Amino acid sequence: MNETSIRDRKEPFARIVKRDDISRVKAWGIRLAAILLSLLAGGLLILALGHNPFAVYRDMVTGSLATKTALIATAKIAIPLLGAAISIAPAFKMKFWNIGTEGQIMAGALAASYFALFQHGNMSRPVLILVMFAASVVAGGIWGFIPAFFKAKWGTNETLFTLMLNYIIIGIVKYLRMGPWKNPASGGFPKIAMFDDAARLPSVFGVNIGWIIVLALAVLMFIYMRYSKQGYEIAVVGESVRTSKYIGMNVPKVIIRTIVISGAIAGLVGCLIVAGSAYTLSDTSSGGYGFTAITVAWLGGLNPFAMIIITVFLAVLTKGANTIQTNFKIPASASDVLIGMILFFMLGCEFFIKYRLIFRTRRRIEVVPND
Amino acid sequence: MDPLNAIEMRDITKTFGQVLASSHISLDIRWGEILALLGENGSGKTTLMNMLSGIYFPDSGHVHVSGKEVTIRSPKDAIALGIGMVHQHFKLVDNMTAAENIVLGLRGSWRLDLKKISAKVREISERYGFNINPDRKIYDMSVSEKQTVEIVKVLYRGANILILDEPTAVLTVQETEKLFAVLRSMRDDGKSIVIITHKLHEVLALSDRVTVLRKGVYIDTVKTSGATAQSLTEMMVGRAVSLNIDRPAPVKPTPRLVVKNVSCMDDEGVKILDDVSFTARSGEILGIAGISGSGQKELLEGIAGLYPLAGASSIQYFPDDSGQATELVGKRPRQIRDLGVALSFVPEDRLGMGLVGSMDLSDNMLLRSYSEGRNFFTNRKAPKKLAEDVVEQLRIATPGVSTPVSRLSGGNVQKVLVGREISVSPTVLMTAYAVRGLDINTSYTIYGLLNEQKKAGVAVIYVGEDLDVLLELCDRIVVLCGGRVSGIVEGRATTKEEVGLLMTSLKKEEAP
Chain A
1 MNETSIRDRK EPFARIVKRD DISRVKAWGI RLAAILLSLL AGGLLILALG
51 HNPFAVYRDM VTGSLATKTA LIATAKIAIP LLGAAISIAP AFKMKFWNIG
101 TEGQIMAGAL AASYFALFQH GNMSRPVLIL VMFAASVVAG GIWGFIPAFF
151 KAKWGTNETL FTLMLNYIII GIVKYLRMGP WKNPASGGFP KIAMFDDAAR
201 LPSVFGVNIG WIIVLALAVL MFIYMRYSKQ GYEIAVVGES VRTSKYIGMN
251 VPKVIIRTIV ISGAIAGLVG CLIVAGSAYT LSDTSSGGYG FTAITVAWLG
301 GLNPFAMIII TVFLAVLTKG ANTIQTNFKI PASASDVLIG MILFFMLGCE
351 FFIKYRLIFR TRRRIEVVPN D
Chain B
1 MDPLNAIEMR DITKTFGQVL ASSHISLDIR WGEILALLGE NGSGKTTLMN
51 MLSGIYFPDS GHVHVSGKEV TIRSPKDAIA LGIGMVHQHF KLVDNMTAAE
101 NIVLGLRGSW RLDLKKISAK VREISERYGF NINPDRKIYD MSVSEKQTVE
151 IVKVLYRGAN ILILDEPTAV LTVQETEKLF AVLRSMRDDG KSIVIITHKL
201 HEVLALSDRV TVLRKGVYID TVKTSGATAQ SLTEMMVGRA VSLNIDRPAP
251 VKPTPRLVVK NVSCMDDEGV KILDDVSFTA RSGEILGIAG ISGSGQKELL
301 EGIAGLYPLA GASSIQYFPD DSGQATELVG KRPRQIRDLG VALSFVPEDR
351 LGMGLVGSMD LSDNMLLRSY SEGRNFFTNR KAPKKLAEDV VEQLRIATPG
401 VSTPVSRLSG GNVQKVLVGR EISVSPTVLM TAYAVRGLDI NTSYTIYGLL
451 NEQKKAGVAV IYVGEDLDVL LELCDRIVVL CGGRVSGIVE GRATTKEEVG
501 LLMTSLKKEE AP
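From first to last, the protein sequence lines are chains A and B.
If you read the first sequence in UniProt numbering, its first letter stands for residue 1, the second for the next number, and so on.
If you read the second sequence in UniProt numbering, its first letter stands for residue 1, the second for the next number, and so on.
By construction, these hints were calculated from the structure, which means they are not laboratory data.
Please note that the accuracy of each hint is not assured.
Stated by the list, open to error - In silico PhoX-like cross-links for lysine-lysine, where the CA-CA straight-line distance does not exceed 25 Å: (1) B:K91 - A:K18; (2) B:K331 - A:K253; (3) B:K381 - A:K93.
Unchecked claim - Examples of chain B residues lying across from chain A (beta carbon under 7 Å, computed): (4) V143; (5) M353; (6) F377.
These figures come from a predicted structure and were not determined experimentally.
Even for Gly, the Cβ is constructed at its ideal location relative to N, Cα and C.
Chain A with its partners taken away, still in its complex shape:
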């Protein structure tokens, strides 16, 4: 009975086959097709909301890129996002699932804010800014060191550990906002004061110098990961701890060193946020960049240069989404859905770059005489 039923069935409708190699042109062709498809699907959503997709897409682009104000606003989103993604790259390369970037950003922001709020009178502006940078790097590094040390010594789970540390640092900032650091001039409303002008980052081409810093970091991180001995160690530890030990690497040292570097960069990003655009500290200063950066790092394949492109794309989407919210009264949740759809297509297309579908071909069915 079984045999007949199987005999009459056709070959599978589609089979998934791993691709051996794919040319660059073809891979980018697939990515481009994914973006077009995502715009098409997003267009259907916009239509369903009762708007003209072309007008909405146009406003997304003009709202984020067309004017100087729009460009500055987009850059303000891109700077911390790229910085955070760069900080994640070495950790993820080592397969250390650091989701504590958010907290490390906050730690850096907190340390920088201390000097901006309470020490700005004691030093000259360049010294103050350098001290803020240094403080944020140290604080972010410490916030990275803690989970790395426990992982290296006792093999604790870094994902949970870094996640918990996020809540702790946010709690600390909340406490400071409500209590010790509350601005007496804010009239009962618990807020931390705005930074003194001396503690605000100078601008180049209308955008705070953070953009130069993160671009430089991207180049440095690329060189570090690709050409340095430490970068090689990170890659080997990420692939196989046993091989690292076999070859004589000091694995705990590599883990701690890498995550301190990762945390330090995130800390610096914290400083760029508070001293570059927010000019104050709040418990939402890190703004979710630490999490969005995971998407950026992953989409960019942990390559800092690819991450620049992804960051710009995401920043344009985010700013564009803000614009269409005001221009078309599209609710924020709907524009979030739109961004989600576009990201889904971009992440999903990687499957088609790695695998290929073979569809059923027409096959002559031969009748086998039963004997």
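For this one, chain A is given, so just place chain B on it according to the hints.
The following block gives chain B in isolation, referenced to the frame of chain A:
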């Protein structure tokens, strides 16, 4: 249609990207026979059988089961046709019992009647002479017991055509004998059995017919009774090869590594090595024999500074015959290297320990040399050159030196690893199961490389499982049994029986 045939495969072709894994293969499997599928690594044995068991789907060709043309789309289809395959890597859930694993994925009544299942499992076991307890958890089982569960699993599902992929690779001599007895009784019961292997003596001992594949092409099928190891090898390799292993006489052996009173414990405090002492000499291949898990792994890792040894242990290294010794116990691998001890180690786990699978050949060569010098940046030119040299000298089949090593076949992976370890001009070369899973050709290449090192005055330590090879290749053999040295014998004077006896001669006194 021949009613004697359980399966007829006709003109089966399968490609993976550019690679032709099976090229127009036609093959018959008869009822009540044991068919051996013989071929070197990468000859397409497993691929061909995976198409019968529903894992792969052929690009073209036809399959007939019991005379009817069928389309096998999935393992489920295969099992419905009575075809069951036991894979090289077991597919069992560790924290379930044998019985639970056996019914896993089967459709049944909504109530899981484990008693009834256990009873049926026992019935199958008794019928063919298996020995398993259906209520035992998988994690409590030895490798051979796990394999038994896999076999019972396919029998439980009603398989009467059984495919076994390299079933003896992980078994001891005794376990292999037991398995063969079971397979013979299944054959006598009328079932068809296909055994994929590249071990010639097993083919000769067990099978009724042999089918030989070479590079995805069907060569021939012969009756086992009319075949010899030599004739099968020639079919497999495609030319005449000598099956003798060279053993040049050692030149001026001097002590190189003096291992004294080495002991160690595992995480749970169980003694793994107990007072092991021996001397490895230059210009000599020292074999280490023993049932797997007798402490071989810990011994080599202990020498390499990777496994903590007990306090009284001593490993002295003599760089030359001047009598100056360096103590290695208590030092890390990096410290040992910094002392100028040229120690090379080919570990058992090639891709998980010796190499990084996802990295390319050059970057794997870099593992050995990257830390040299005080430069912040890595030097990638030298390793690339080295990779190119190794590829050329050892004739490694690879698209290039920038191909990830995990893409290479098992034999080529091992050549990359051995090539790298030899390239540093070692004075001590340790190898663990250096030819495990390799085909004849590659195995002989490896023996040749070890002999070259021996002639160059290197102290070679060869941990092996194949007694025939140990007896032919090694000058002296240290036999381990339960973490103790049960004997040190001369390779030229000893017999297989003597070593086999030493391997199982458990000392009566219990460790405190």
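* Asked: Does K381 (chain B) pair with K93 (chain A) here, judged by a C-alpha cut-off of 25 Å?
  -> holds, 23 Å
* To do: With chain A as the partner, please determine if M353 (chain B) meets the hint condition of a C-beta pair closer than 7 Å.
  => holds, 5 Å
* Asked: Any CB of chain A closer than 7 Å to the CB of V143 (chain B)?
  -> violated, 20 Å
* Does the structure keep K331 (chain B) and K253 (chain A) at a Cα separation of 25 Å or less? -> holds, 17 Å
* Would you mind confirming whether the straight-line C-alpha gap from K91 (chain B) to K18 (chain A) stays at or under 25 Å? => With Cα atoms ~22 Å apart, K91 (chain B) and K18 (chain A) stay inside 25 Å; holds.
* Asked: Would the stated hint for F377 (chain B) survive a check requiring a Cβ distance to chain A of less than 7 Å?
  -> holds, 5 Å
This entry does not satisfy hint 4, going by the numbered hints stated previously; all others are met.
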